[in-house]
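When we follow the numbering used here, the leftmost residue of the sequence shown carries the number 39, and every step to the right adds one.
I should point out that these hints are in silico values taken from the structure, not numbers from a laboratory. Hints may contain errors.
[To be verified] List of simulated lysine-lysine pairs, BS3-like, C-alpha gap at most 30 Å: (1) 55 with 132; (2) 71 with 55; (3) 55 with 117; (4) 119 with 71; (5) 130 with 55; (6) 132 with 117; (7) 119 with 55; (8) 132 with 71; (9) 71 with 130; (10) 117 with 130; (11) 132 with 119; (12) 117 with 71; (13) 119 with 130.
[Unchecked claim] So the derived label-pair ranges between C-beta atoms look like this: (14) 157 with 118: 29 to 37 Å; (15) 44 with 139: 33 to 41 Å; (16) 91 with 71: 33 to 41 Å.
Ideal placement from N, C-alpha and C gives every residue a C-beta, glycine not left out.
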Amino acid sequence: MGLLEELYREIILRHYKNPQNYGELPGARLRVKGENPSCGDQVELQIETDGQRITELRFLGQGCAISQASASLMTELVKGKSWEEALALERKFKAMVVDGAPPAPELGDLAALSGVHRLPARVKCATLAWNALEPVSY
Numbered sequence: 039m040g041l042l043e044e045l046y047r048e049i050i051l052r053h054y055k056n057p058q059n060y061g062e063l064p065g066a067r068l069r070v071k072g073e074n075p076s077c078g079d080q081v082e083l084q085i086e087t088d089g090q091r092i093t094e095l096r097f098l099g100q101g102c103a104i105s106q107a108s109a110s111l112m113t114e115l116v117k118g119k120s121w122e123e124a125l126a127l128e129r130k131f132k133a134m135v136v137d138g139a140p141p142a143p144e145l146g147d148l149a150a151l152s153g154v155h156r157l158p159a160r161v162k163c164a165t166l167a168w169n170a171l172e173p174v175s176y
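Just need the whole structure built from these sequences, with the hints factored in.
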């Protein structure tokens, strides 16, 4: 395993074992669930917004390291962003994990999931939290 792959593996495992923004968000006005029926991964996003920006975002869920790490990394990245900014990041993330596009610099540590496009069964795991976020912004 190369140095970059080892670094990416460490990022994924760190976010899986110690997820950021994991847990209940008391009084969250927006809640949306996502599920990957092929493997049983689940995520629930709990969101606070001021109408323009995502002011607070937490998640609950269970599943594989990829789905949970992706949710953790996503919540860190989109918190404080406008809905338009969050959706732009979602498009860049999906281009990377679905189509194999090079990681956009603004994705930061989410680049750790750049190899997922080579594992078609894991694409749904990586995009689960992002797919849950998408309809909330409309």
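For each hint, the structure was consulted:
no.: 1; hint: 55 with 132; verdict: 24 Å, holds
no.: 2; hint: 71 with 55; verdict: 21 Å, holds
no.: 3; hint: 55 with 117; verdict: 21 Å, holds
no.: 4; hint: 119 with 71; verdict: 20 Å, holds
no.: 5; hint: 130 with 55; verdict: 25 Å, holds
no.: 6; hint: 132 with 117; verdict: 18 Å, holds
no.: 7; hint: 119 with 55; verdict: 25 Å, holds
no.: 8; hint: 132 with 71; verdict: 19 Å, holds
no.: 9; hint: 71 with 130; verdict: 22 Å, holds
no.: 10; hint: 117 with 130; verdict: 16 Å, holds
no.: 11; hint: 132 with 119; verdict: 18 Å, holds
no.: 12; hint: 117 with 71; verdict: 18 Å, holds
no.: 13; hint: 119 with 130; verdict: 15 Å, holds
no.: 14; hint: 157 with 118: 29 to 37 Å; verdict: 31 Å, holds
no.: 15; hint: 44 with 139: 33 to 41 Å; verdict: 23 Å, violated
no.: 16; hint: 91 with 71: 33 to 41 Å; verdict: 22 Å, violated
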